[in-house]
Amino acid sequence: MSPSTSSGQALLEVRDLSVSYGGIRALRDVSLRVEEGEIVALLGSNGAGKTTTLRAASGLAPYSGSVFFDGNDLRKCSPDQVVRLGLGHAPEGRRIFTRMTVRENLALGAYTVRSNSEIERRLAFVVETFPRLEERLSQSAGTLSGGEQQMLAIGRALMSAPRLLMLDEPSLGLAPIVVQTIFGVIKSLNERGTTILLVEQNAQQALRIANRGYVLETGEMRFEDTGSALLENPAVAQAYLGAAPIG
Amino acid sequence: MHEFLAQLVNGISLGGIYALIALGYTMVYGIIGLINFAHGDVYTLGSFFALTILTALGVSGELHGVALVVDVAIALIGAALLCGIVGVLIERLAYRRLRNAPRLAPLITAIGISFILENVMQIWKGPAPVSFPAVVPNPSVMVAGVAIGAQQFLLVGLAVVMMVALQLFIHNTRLGRAMRATAEDRDAAQLMGININRTIMLTFLIGSALAGVAGFVSGVYYQSTWFFNGFGAGLKAFTAAVLGGIGNIAGAMLGGFLIGIIESFATWKFGGQWSNVTVFAILILVLVFRPSGLLGEAVFERA
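Protein sequences, first through last, are from chains E and F.
For the first sequence, the positions run 28 to 274 when the numbering used here is used.
For the second sequence, the positions run 2 to 304 when the numbering used here is used.
Because the hints were derived from the structure by calculation, they are not lab data.
Owing to the predicted nature of the structure, the values given are computational and were not obtained by experimental measurement.
Incorrect hints may appear among the rest.
Said to hold, decoys possible - Computed footprint of chain F on chain E, listed as stretches where at least three residues anywhere in the stretch have a Cβ under 8 angstroms from a Cβ of chain F:
| id | segment |
| --- | --- |
| 1 | 100-112 |
| 2 | 119-126 |
| 3 | 132-141 |
Ideal Cβ placement from N, Cα and C applies to all residues, glycine included.
Using the sequences and the accompanying hints, generate a full structural model.
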């Protein structure tokens, strides 16, 4: 363990993050932390800045402020170096490589790994997690259903064996039964030791599995609390849960 | 029938050169969405580098035996390597900083680089055509009544070997997979841990090295070159890439051979002054009626 983690620093530490797109502020002084072993939900309506937060952390969007992962200053890292440090990211809209096979997509997920036996070991773990993918390994990824594409996007991110996995709207546009599967997998991955930062519009479901949650509103952090407290917070409920809190 | 076959052989030889050049156009377009108009001049540079290397080796005429193999290999690999380095430098110095600029900016820059290369080559070897030593002996074999020269076999053989090797590399290696991933979705590729700067550099290296190979074989085949050679050849190779479906590697090979054959037949049937007209009329027809080319998917699907 590096000395920085033993000194009580969070696994992911975002401080005063601001991002602008062509003069428009997408994020203003956003701070959040994810401790090792947690599931943290990042909520907010469309355009609140959830995706931008993840993109900044991965190095895909330029920002001011600071992002530390496992004690490393990510400002000094290119996106590919961020992945090597153990920060995985299954992006918004899945972004799978549709012209490649499922197997090729998964192999790319382990691009940073040279050992074939290690890649095979991780592949075995992913198909155990998502048995649906096993039958589809040699199929072109573009022919998968929406749910299967989401499974592939998560599986591909798992191939880098991340310590912290950032998931951007994994339930978007999926049938309720598939959503259940995905959330079940997120929970079981966490139980096996992967820390999760979960971006969701499906706030109810996300907060039910989350230890803590944050709520973004038009680029600024509005609420921060435990998952259960946010579920019961009337202001959050009204704005983001679409109904009275479920008791 | 005899003349038809002879023209077909000529067309395939010419097409091998176009196909090698077209690969560079299509690879660079596939990965950064840029039509690299300086690419044709890199091809001319290939001829110039090969010529310079042969001169340095003291070669001025036909070679035989071990000297043939060794000197040809040195000139070929040297030209490919030097062109590859030039391609990488062009990307690093000119295109990289424009990667997120509006598309017109790198396009105009490419034309500018083309002018720079042409002028540098004009200063280097002069404005007149320069002769290239006929290093490879050219005995011919009769196939179905048509004489096919050893140089034609070498040219087409080399082109085919390069293409097969490229396909194997792109589809069966880790780096090849990274290139395809970068071409399909740059951000997603970075989230896989791919260093896209290195991948794009590799694309320029390979594409430009193939142009260097084309420059060498065209020098041997035509025994002449000049600083402006790449302008016309580059435009025709670009046409070949568009015909095959720009961004599509197999398409560039198919398009290259088709354009070579079409040009050869146009020269035979309508006369040499009509060959360019025919080729570029095909470019216009493809752009109007099938902009995605013969093997291309939707051309502008890139986000």
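Quick rundown of the hints versus the structure:
no.: 1; hint: 100-112; in the structure: holds (count 5)
no.: 2; hint: 119-126; in the structure: holds (count 5)
no.: 3; hint: 132-141; in the structure: holds (count 5)
Violated hints are absent here; each numbered hint is respected by the structure.
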